[in-house]
Amino acid sequence: MNTAPTSAASTASATAPYLSVNNVEVIYDHVILVLKGVSLQVPKGGIVALLGANGAGKSTTLKSISNLLRAERGDVTKGSIDFKGARIDQMTPNDLVKRGVIQVMEGRHCFGHLTIEENLLTGAYTRSCSRAEIKRSLDLVYTYFSRLKTRRSSQAGYTSGGEQQMCAIGRAIMANPEMVLLDEPSMGLAPQIVEEIFEIVKDLNSKEQVSFLLAEQNTMVALRYADFGYILENGRIVMEGEAKELATNEDVKEFYLGLGGEGRKSFREVKHYRRRKRWLS
Amino acid sequence: MQFFLEVLIGGLLSGVLYALVALGFVLIFKASGVFNFAQGAMVFFAALTFVGFQEVLPGWTGLEEGGSAVFWLAFALALVSMIILGILTEKIVLRPLVNQPHITLFMATIGLSYLIEGIAQGVWGANVRGLDLGIEDVPVEWLMESSNILVSKFDLVAAGIAGVLVASLALLFQYTKIGRALRAVADDHQAALSIGIPLQHIWVIVWGVAGFVALIAGMIWGARNGVQFALTYTALKALPVLILGGFTSVPGAIVGGLIIGASEKLAEVYVGPFVGGGIESWFPYVLALLFLLVRPEGLFGEKHIDRV
Ligand SMILES: Nc1ncnc2c1ncn2[C@@H]1O[C@H](COP(=O)(O)OP(=O)(O)O)[C@@H](O)[C@H]1O
Ligand SMILES: [Mg+2]
Chain A
995 MNTAPTSAAS
1005 TASATAPYLS
1015 VNNVEVIYDH
1025 VILVLKGVSL
1035 QVPKGGIVAL
1045 LGANGAGKST
1055 TLKSISNLLR
1065 AERGDVTKGS
1075 IDFKGARIDQ
1085 MTPNDLVKRG
1095 VIQVMEGRHC
1105 FGHLTIEENL
1115 LTGAYTRSCS
1125 RAEIKRSLDL
1135 VYTYFSRLKT
1145 RRSSQAGYTS
1155 GGEQQMCAIG
1165 RAIMANPEMV
1175 LLDEPSMGLA
1185 PQIVEEIFEI
1195 VKDLNSKEQV
1205 SFLLAEQNTM
1215 VALRYADFGY
1225 ILENGRIVME
1235 GEAKELATNE
1245 DVKEFYLGLG
1255 GEGRKSFREV
1265 KHYRRRKRWL
1275 S
Chain B
66 MQFFLEVLIG
76 GLLSGVLYAL
86 VALGFVLIFK
96 ASGVFNFAQG
106 AMVFFAALTF
116 VGFQEVLPGW
126 TGLEEGGSAV
136 FWLAFALALV
146 SMIILGILTE
156 KIVLRPLVNQ
166 PHITLFMATI
176 GLSYLIEGIA
186 QGVWGANVRG
196 LDLGIEDVPV
206 EWLMESSNIL
216 VSKFDLVAAG
226 IAGVLVASLA
236 LLFQYTKIGR
246 ALRAVADDHQ
256 AALSIGIPLQ
266 HIWVIVWGVA
276 GFVALIAGMI
286 WGARNGVQFA
296 LTYTALKALP
306 VLILGGFTSV
316 PGAIVGGLII
326 GASEKLAEVY
336 VGPFVGGGIE
346 SWFPYVLALL
356 FLLVRPEGLF
366 GEKHIDRV
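Chains as they are written, first to last, in the working numbering: chain A, 995 to 1275; chain B, 66 to 373.
Check each hint, because a few of them may be wrong.
[What the hints assert, rightly or not] Below, computed lysine-lysine pairings styled on BS3-like, alpha-carbon distance capped at 27 Å:
id: 1; chain 1: B; residue 1: K218; chain 2: A; residue 2: K1092
id: 2; chain 1: A; residue 1: K1143; chain 2: B; residue 2: K242
id: 3; chain 1: A; residue 1: K1078; chain 2: A; residue 2: K1143
id: 4; chain 1: A; residue 1: K1038; chain 2: A; residue 2: K1072
id: 5; chain 1: A; residue 1: K1129; chain 2: B; residue 2: K156
If you're looking for bench data, these hints aren't it; they were derived computationally from the structure.
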């Protein structure tokens, strides 16, 4: 299969994939079928974008990896999820965070009545390390998100959307993760704030070796920062490729960047993609 | 004036205990969204378990009856029983009901309340028992000599113990890692889950703390009024305290407890004679009801932060 990303970062892990989601099916409430066999890989040190319209199943995919599904009465009914060679689909979120996989939820979900700094400190809950080490992590987060430092003693509920998004990412970084599942960081934010946040994500990726799986509706921005991308539609991956290729692909442009002439159609109506898909499978 | 002060001080001292029990409510309510109606029954259960162990331990172990060894051993066993009760409650009653509406959980705790009372009486019998903490109920001498005010030594010591507990719980809540995690869970349990805070551990902790609080309150009230069924109702005075202070507020529980304690005693003494007495048992509820009309979120109720 021609699915493994071929970016430089992935060559090292070509033998053993880092995070791999294999043909996963997810059902909510025992009846609502949402993911119909999703497969994707994230290489070590990569930034992979998971794109698609509202309701496509991006958040569900991330939650199936972080196992936050259980709390929403969702279940992985088929397929498997591996991280660093071990099955992780039966683990609790607590286990997963300890193993280095953490999700930043859509809508930020800061603890509104806690201060920014208290929010960050809760991120280190699963770590059993010295105070000094946690202080070092806190300083690290403050160097990346300098805005948070100035707001450190404000109640998170009263900070701006951008600051809350930074707080949510910073809180996850406090867990000292290897792999961050980042759900719609751009949602509802002004373009320059989005840019600022993505720059920091890129920095965390290159300097702290944190890998990212990034769910986004904002295709254009996501593809500029990611190495590889998957496009999800109705619970299926309908297209995948190098971020640069996707960004220049005519269909992606037409359907997701709003550059085409007609309104948005479904990818499945596109003939040549169908051909490609047949060839893939 | 001197008499007024005596009543006021006595009321405030008894209010510290209300504050302690109310704090048990607040912790559970904040961390798991459960309004724990069974808190009153837990107080009764705890006191009865303590007295029960005190009765049977000399026979089991050959220790001297009424000695301090029996006292502390009974205390430790009762504490362990309360913690086990808390853990079982969380595991058997509440965990299967996760994600259910608040009212369902509330109903479950009402059922639990009867269950706990039943178990306590089934195991230890239903007769009223005395409980001796070894603290005399006599006026504090130096206060009487210096300002001629009568304050019971028992009340003072009891309030001291409860006060220390209230303060340590408040500090734990505000400044420790566990306390922070508790507040995080209270704010947004999904987000807490997402950063790896195991909700079940947190729930076990709050139920354990609630059990501990129930034991202390049960022992103090039991020593004052005898260990009997009515303890449940004394403990439920925490309800008006919560309405006054706000269900989610730690300072609210403390201030509310003091207000209820003081006002019910003052009302009993100054208003009671005009209505035939006995108003201590219902006055807090009336006060809470009036308060509800004016300020439904309580004195210190947390405002919802709506900004997203
Ligand atoms: N807890 C849930 N119970 C039932 N259906 C859900 C639940 N969460 C999401 N869904 C459904 O699953 C589909 C995908 O949702 P989601 O994964 O949130 O998509 P996206 O993140 O791409 O917008 C939607 O149709 C949504 O209605
Ligand atoms: Mg989503």
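Open item on the list: Tell me the numbers of any earlier hints that the structure contravenes, in ascending order.
Closed with: 1, 3, 5
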